[in-house]
Amino acid sequence: MPCTHQLKFDVKLARLANLPHQELEGNLFIRYSISTLDNRQIQVETKEIQTTSKSSQFLSEFASFECQTNSDPIDQLKKLSNVKFELRLRKRTSALTRIMARSTLLGTAEISWKDVVASREMSLEKWLKFSSIKGAKLPDLLVEMKINQIYFQILNCDIIPTI
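Using my numbering, you'd call the opening residue of the sequence shown number 1 and step up by one each time.
Some hints here could point you the wrong way.
In silico DSS-like cross-links for lysine-lysine, where the CA-CA straight-line distance does not exceed 30 Å [unchecked claim]:
1) Lys78 x Lys126
2) Lys137 x Lys91
3) Lys114 x Lys137
4) Lys129 x Lys91
5) Lys91 x Lys12
6) Lys79 x Lys129
7) Lys91 x Lys8
8) Lys79 x Lys126
9) Lys114 x Lys8
10) Lys78 x Lys129
11) Lys12 x Lys79
12) Lys12 x Lys114
Treat the hints as calculated values from the structure; they're not laboratory data.
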């Protein structure tokens, strides 16, 4: 009997802290990438973060994902590459050119799926320190990742009544 496993998980970008006080030539945003079981990448971008004089800013960016596999989803997660986070800067532009505006990579950080699976209740809250590309001081990012639901479904099964 074929069996399909389904996995649901959430990624929340909760807060940026230790924001630099210098004026930036644009707005920050975060792009993160999640590998899939068939070696594709899902990329998610946050809305642009208006830099202010505050050293900390709440983001509350939330995404929920669902996937299916024919084998144990936890074993599959452990085989996937880390979730990669990029802190990026998009120069201020007019509304017409914003769609085409390129961004600059400022720093990178990662979370391992093994850490999420090994955490209590498969829920991990972690402050990430970005590795700077250009040596600049970068903010820290509070990320929450949680594996919500794992279940399986038996497909094409015949039910034989017992008498």
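Quick rundown of the hints versus the structure:
1. Lys78 x Lys126: Holds - the C-alpha atoms of Lys126 and Lys78 are around 18 Å apart, at most 30 Å.
2. Lys137 x Lys91: The given pair, whose Cα atoms are some 19 Å apart, holds under the 30 Å limit.
3. Lys114 x Lys137: 28 Å, holds
4. Lys129 x Lys91: 23 Å, holds
5. Lys91 x Lys12: With Cα atoms ~25 Å apart, Lys91 and Lys12 stay inside 30 Å; holds.
6. Lys79 x Lys129: 24 Å, holds
7. Lys91 x Lys8: 35 Å, violated
8. Lys79 x Lys126: Distance of about 21 Å is within 30 Å: holds.
9. Lys114 x Lys8: 16 Å, holds
10. Lys78 x Lys129: The given pair, whose Cα atoms are some 22 Å apart, holds under the 30 Å limit.
11. Lys12 x Lys79: 22 Å, holds
12. Lys12 x Lys114: Judged against 30 Å, a Cα distance of about 18 Å means the pair holds.
Against the hints set out earlier in the document, a violation occurs for number 7 only.
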